[in-house]
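S.K.: Model the full assembly from the supplied sequences, consistent with the hints where possible.
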Amino acid sequence: MEFLIEYAGFLLKLVTVALIIVLTFAGIFASKGKEKPGGLKITKLNDNYDTAKTQLENELLDKKQLKQQQKEKKKQDKLAAKADKKAKKQASSVIETKKRLFVLDFDGDIQASATQTLRREITAVLSVASADDEVVVRLESGGGVVHGYGLAASQLQRIKDANLPLTICVDKVAASGGYMMACVADKIIAAPFAILGSIGVVAQVPNIHRLLDKSLVDVELHTAGKYKRTLTMLGENTDEGREKFKQDLEDTHVLFKEFVSSARPVIDIEAIATGDVWYGSQALKNNLVDQVSTSDAYLVSHFDSADVVSVRYQEPKKLAEKLGLSVLSALEAKATKWVTKVSQFRGY
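Numbering (numbering that gives the first Met the number 0), first residue to last: 0 to 347.
Don't read these hints as lab results, they were simulated from the structure. The structure displayed is predicted, hence computed values, not measured ones. Misleading hints may appear alongside valid ones.
Unchecked claim - The calculated lysine to any residue pairs, modelled on SDA-like cross-linking and capped at a C-alpha distance of 20 Å, are: (1) Lys227 to Asn206; (2) Lys171 to Asp295; (3) Lys40 to Ala113; (4) Lys245 to Thr231; (5) Lys284 to Gly274; (6) Lys98 to Val127; (7) Lys186 to Asp104; (8) Lys98 to Asp295.
To be verified - So the derived label-pair ranges between C-beta atoms look like this: (9) Pro264 to Arg311: 31 to 41 Å; (10) Asp185 to Lys72: 27 to 37 Å; (11) Asp295 to Lys66: 26 to 36 Å; (12) Ser280 to Lys72: 32 to 42 Å.
By construction, the Cβ of each residue, glycine as well, lies at the ideal position given by its N, Cα and C atoms.
M.R.: This is the structure:
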């Protein structure tokens with residue numbers, strides 16, 4: 000009898016586990032055709048600032064001071080509303096709107112993968128922005144692959160092509176491909192110790208041919224085209240291949256310099272295109288930036304005169320991610336973040 004009870008308990012546990020697994024996979028398969036598209040998250044930063052300010056005032060001021068301040072604020076709001084109403088009556092049929100600052104964020108890895116969301120955000124902003132508006136991009140990137148950052152810079156160029164003022168704020172780093180993006184802007188603002196520059200090209204390829212040779216492992220590499228593969232990780236590299244690889248780097252560097260000097264002609268490109276980097280205050284002396292300040296200071300200075308709006312595109316989360324099953328995606332993200340810190344194949 001005791002055996003039957005234990006066996007029944009075991010079966011119950013087994014059925015429960017099986018049911019959970021079946022329901023999980025059923026949910027995953029059912030969600031494949033029902034995945035919702037991503038969307039924009041719009042945040043008015045003025046409101047966040049006002050909320051924080053009000054909370055502090057409520058804590059720091061006594062009741063009498065707080066009451067007096069609230070009374071004064073109502074008075075000012077009333078006068079502002081009255082002036083606005085009067086201005087609208089006197090204005091022509093064209094309605095003037097308050098200036099808007101659209102704030103975008105770009106946190107770049109070695110692949111410049113944030114370009115996928117940046118392009119959507121720019122498309123959205125361009126669909127509603129007027130000539131009086133401005134786009135501010137808070138940029139953080141140490142660079143990466145040429146094609147990735149070339150595309151990212153081209154996305155920023157869309158803003159310039161639409162005749163909208165573009166300001167780039169760099170609080171930490173905009174080096175190499177990151178600076179390639181920054182130089183597109185009408186105005187570059189950098190924090191005093193932000194790192195800028197690194198206008199150069201780097202590539203490194205490990206080669207384990209001798210190790211394989213000692214282990215009696217043969218590697219055959221066949222190509223159609225003389226320079227289809229200049230350097231290889233497994234095969235034996237040649238001096239001719241090395242020279243061609245170096246020449247490719249030089250050609251890419253020339254393109255990089257031409258792009259920067261065209262976008263920012265005030266720079267002495269030959270003097271700064273050495274691969275060296277400068278801190279914000281030093282970068283100002285070399286015309287790499289226009290102003291030394293922080294993104295926070297720049298945005299706060301516009302809260303009274305403009306609507307400062309953060310625009311972020313958010314990718315939809317898959318069911319596997321919601322259930323914490325996307326281990327491979329998490330590992331991939333960690334690996335990419337690590338590789339970003341280590342210079343590798345050809346890139347800015």
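S.K.: Asp295 and Lys66, beta-carbon distance inside 26 to 36 Å?
M.R.: For Lys66 against Asp295, whose Cβ atoms are near 31 Å apart, the range 26 to 36 Å holds.
S.K.: Should the hint that Ser280 and Lys72 are 32 to 42 Å apart at their CB atoms be regarded as holding?
M.R.: holds (39 Å)
S.K.: Is the hinted pair Lys186 and Asp104 satisfied, with a Cα-Cα distance of at most 20 Å?
M.R.: With a Cα-Cα distance of about 16 Å, the restraint between Lys186 and Asp104 holds, given a limit of 20 Å.
S.K.: Could you check the hint for me, namely that Asp185 and Lys72 are 27 to 37 Å apart, CB to CB?
M.R.: holds (35 Å)
S.K.: Are Lys171 and Asp295 close enough, with their CA atoms no more than 20 Å apart?
M.R.: holds (13 Å)
S.K.: Given the hinted pair Lys284 and Gly274, is their Cα-Cα distance within 20 Å?
M.R.: It holds: about 17 Å lies between the C-alpha atoms, which stays within 20 Å.
S.K.: Cβ-Cβ distance between Pro264 and Arg311: within 31 to 41 Å?
M.R.: holds (33 Å)
S.K.: Between Lys98 and Val127, is the straight-line Cα distance small enough, at 20 Å or below?
M.R.: holds (12 Å)
S.K.: Are the Cα atoms of Lys227 and Asn206 separated by 20 Å or less?
M.R.: Distance of about 17 Å is within 20 Å: holds.
S.K.: Does Thr231 sit within 20 Å of Lys245, going by the straight-line distance between their CA atoms?
M.R.: Distance ~14 Å between Lys245 and Thr231 Cα, so the pair holds.
S.K.: Quickly compare the C-alpha distance for Lys98 and Asp295 to 20 Å and report which way the hint goes.
M.R.: Holds, because 18 Å separates the two Cα atoms, which is no more than 20 Å.
S.K.: Are the Cα positions of Lys40 and Ala113 separated by 20 Å at most?
M.R.: holds (16 Å)
The structure fails none of the hints (numbered hints given earlier).
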